[in-house]
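Following the hints, position chain B with the ligands against chain A.
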Amino acid sequence: MKLITLLVVIAGVIALAQLAKVGQLTSLIRNKREEDISAADTRLNGGLFVAFMVAFYASFIWLIIRYGDYNPPAASAHGETYDTLMNFNMYIIMAVFFLVNTVLFLFANKYRQEAGRKAKFFAHDNRLELIWTVIPSIVLAVIIIYGLRTWNEMTGEASEDALRVELYSKQFDWTARYPGADGEFGLANYNLITPTNPLGIVTADGVSGALEEIEGQIAALESELAHERGTLLAQIEEVEAELHASHDHGHGHSHDDHGHDDHADHGDHGHDDHGMSAERKAMLEARLHELEHMLEGPDVVVLSTAAAEAKADKIHRLKRHRQRIMEVKPFDYEGGVAAWEAGADDKIMKGEFHLPVGREVEFVFRSRDVIHSAYMPHFRAQMNTVPGVPTRFKMTPTITTDSMRTVLDDPDFDYVLLCNKVCGAAHFNMQMKVVVESEESYNAWLESQEEFLADKEVATESDARAEAINIENNESATL
Amino acid sequence: MAGHAHHEESFISKYIFSHDHKMISKQFLVTAVFMGIIAVMLSVFFRLQLGWPGESFAILETFLGKWAPGGVLDRNAYLALVTIHGTIMVFFVLTGGLSGTFSNLLIPLQIGARDMASGFMNMLSYWFFAVSSVIMIFSLFVEGGAASGGWTVYPPLSALPQAMPGSGMGMTLWLISMTLFVVSSLLGGLNYIVTVINLRTKGMSMTRLPLTIWAFLITAVLGVLSFPVLVSAVVLLLMDRSMGTAFYLSDIFIGGEALDVTGGSPILYQHLFWFLGHPEVYIVLLPALGISSEVIATNSRKPIFGYKAMIGSILGIGFLSFIVWGHHMFVTGMNPFLGSVFVFTTLLIAIPSAVKAFNYITTLWQGNLRFTPAMLFSIGLVSTFVTGGLTGIILADSALDVNVHDTYFVVAHFHIVMGMSAIFGMLAGIYHWYPKMFGRMMNTKLGYAHFWVTLIAGYGVFFPMHFVGIAGAPRRYYEYSNFDFLDSVMDLQPIISTFAIIGAIGQLFFLFNFFYSIFYGQKAVQNPWKSNTLEWTTPVQHVHGNWDGPLPEVHRWAYDYSNPAHEDDFVPQTTPALAGEEIH
Ligand code: HEM
Ligand SMILES: [Cu+2]
Ligand SMILES: [Cu+2]
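Read top to bottom, the protein sequences are chains A and B. The numbering of the first sequence is this note's numbering, which starts it at 427 and goes up by one. The numbering of the second sequence is this note's numbering, which starts it at 61 and goes up by one.
So here's chain A without its partners, still in its complex pose (with noise of 0.2 angstroms):
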């Protein structure tokens, strides 16, 4: 393959060269030079202009026949006025399209060279320069306010019926999330999510459950630490260093009694404590005991310095992650304690979600790690998902799925939720399956879905309160 590969670019070249050459050699007999193109290739190229325009125009005509109407049709409300906006800007650069590429075409075989011909002197006119100038205003104008209308349709606030549905990205996946019974959307902070809560919806038990977590991870890591190898065996060399020391320590004393005061690391034994504390002895050979137990146990490691530091450096991350957590307060939120509550009740949804037809829906977006974007073409519906920056978009379903699979004759039709930003490896297939349904069957389907505590306990508002104080104590000093 690869010498085929070669062998074709060898003998291209080759074949060049003499095609070349043969030019070069017969415009030499001829005379001829390179900047004088001959009548022939003048006809030639303007013949082709024509001939390019017109099997232009015709693959544009056949792929608008086989691919033009984007089926399938809008399956929102906004989406129609969307298609009728879309179709008449269309219409205008389609006809703008057609007939300026015509009149170059034509204009291109028109006015080829002709030998004895001159050009025509002409080189400005004012009024044709105002024709278009004024006439693309004007078409430009009448483009740009019907599409600011639309523009401010769709993008106006919802309507407080509105159902509510929260729709929240992270690589490579959606989750949908639906506020419950109260109506309510529970908070949410990005520090508290845990394999349980992947939404870091805020309650008295989230916070618990992600200090937990985190407590959980911070004592592994430091036991993995305390477990390295390097580490105890120094350990070890210090603590027999010390017992050792204790032995000859009157021998040294007398040597050091000028302004020597380094007894500090004696600790509480004083200045004038000759040797070792029977207390203190028995401490460190219980101490050396089980060092040496440790090394001889399972659980010891062995860790490169980078590896430890690396540790060290997680250790000092979760520290901070912890923090984070225990300044999550709750009387910073409007609805104080009682808005910790909100998230109890609240809907968790990932594979498909849905909606019921013919009630406006306001998504409202949040992202975990990157930007992506939700985008429901069958709704003529995109927006952006952004870390630390909630956005919205409104929209009214208007065909279920049901219909629009008899529409479509296509059993097995659904509609989907893509991911339109570039978001790592699997964005090309990070999607979520959208079913559009009567409200009857809408509710019924919401009922039947767990609600994000359901398995636990629901925190009583008491002990969200005991937990909220608690975390009040725990708070730094900056508060």
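Honestly, the hints are just simulated from the structure, not real lab data. Warning: the hint list may mix true and false statements.
Unchecked claim - Simulated crosslink set (DSS-like; lysine-lysine; CA at most 27 angstroms straight-line): (1) A:536 with B:74; (2) A:536 with A:546; (3) B:74 with B:86; (4) B:505 with A:458; (5) A:546 with B:368; (6) A:546 with B:590; (7) B:505 with A:544; (8) B:262 with B:583; (9) B:583 with A:458; (10) B:590 with A:544; (11) A:544 with B:368; (12) A:776 with A:859; (13) A:536 with B:505; (14) A:458 with B:590.
Since this is a predicted model, take the numbers as computed values, not measurements.
Structure of chain B with the ligands alone, referenced to chain A:
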């Protein structure tokens, strides 16, 4: 600077660290051609995957090794290739390459100057460009692969090494390379501006400047005003990556860890990036338009129609390009009213653009069109400029952008304007000024073959992409088989890829012609195209200082073609007024 035309120069100071604008221009061109070859090859690689997803291609394994195990492109590698393809094309080919080549070549020659204001800065500009090119290519080979978040490298994706392999070392190199690139652009741009303002020869008033120079001047101004903003965006991103700042980061949980970042905004980066990014597309386009104004007038044997309006539209486009960046951000959650403002300013740009298109066509009207390869490419440029510009109207309409943003419709749009129009302008420039650069002619017949293959393949690749996009196919997708609703347009993919392969192979006509003619092309005469502008009054063999004798004096504008008062169908700018002639 004048006068030292004949002293001996060492190889190094003549070919490597040259201060001569003509040599620097050739250095830019050859570098850009190499970068272009690489970028086209990358696009063929990922087009293979898109056309025939999952199929094994030996050529992929040959070239990409572990990035295409078993001949199937890896998904991370796919994103890296797309990103580096776009970066190289936009910055290295169409910014560094296009401006670097033609601003350098033509500014001194067409305004009648001995050289650039600062030859030394000019040399530095090239070498920064060269180093940044090398770093960008090198980044393809590092651990984790090259930057992969798209040529716009949006954070947090680009800020967090744990987000994707390409956001590691590859991303760092991308940022370093771009910083050097900006230094190069600024050194070049300042030089171009100063030269045009100060070094015009006697009689060369601003209203007698060829439109090429107007275009290069405004391009340089746009660059000087906008590239520094990119640098700040890049520096802040580097700090977020390595110093623990959080300009662009907030509330992020990734890799099982909640990061210690709050209060930043990823959207801030987008504002900074597109404040450069949109002027950038005109930095890419204006020189191409300037070149084609010159080529079309010369080869139609007619004055460019509406010279003053053309200048006005360049100025208008230049100004407006600074207040439209938000049209790239309609779906980031920006305030809808702000969105409306950007809709308005963006659609305003369509007006000067339309004026330009109509003026080109009127220039052709009743001309005597000489089909040099440069002329063919310029006519192609007008067609693609119109075709691509029109879909911009759809994208500028925020309401419509909602559903086509980031789909293949956008890919179609910007390739037809940048990948075709701007590239056509660059190719037209190469064919037209080749005799000036290398003292030899390129082969015309090969030029024809090159043009027709490129035009057909170009439209063949990018036109169907509109339909793929409107059907809802997102860009930067490794494959589409997971979405049944896209099946209906997916049979276009192999067609597109086939055209892409044809188009890439068609570039061999050009490459061969380009390198072969440097050594064996027909020797050029002094003014092969019978052109009016000053560069054609210099000797074919380059001399240091451009003109052997005193600098030429200018008596008229650049577009006196077929002036009835004169016998010849061209009147060089150095021709004094005839008795009683009223001249521009
Ligand atoms: C051989 C001709 C070319 C082919 C077949 C080609 C094809 C493609 C394709 C398929 C993409 C990926 C789109 C996506 O997934 O988002 C792409 C991206 C891109 N191309 Fe090209 N292209 C070509 C030439 C050019 C040229 C001449 C330019 C110069 C402006 C260019 C600029 C870009 C840019 C800026 C991107 C976006 C990269 C990104 O998403 O970060 N391309 N190209
Ligand atoms: Cu994504
Ligand atoms: Cu823009």
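key: Unsatisfied constraints (hint numbers, rising)   = Numbers 1 and 8 - these are the hints that the structure violates, sorted from lowest upward.
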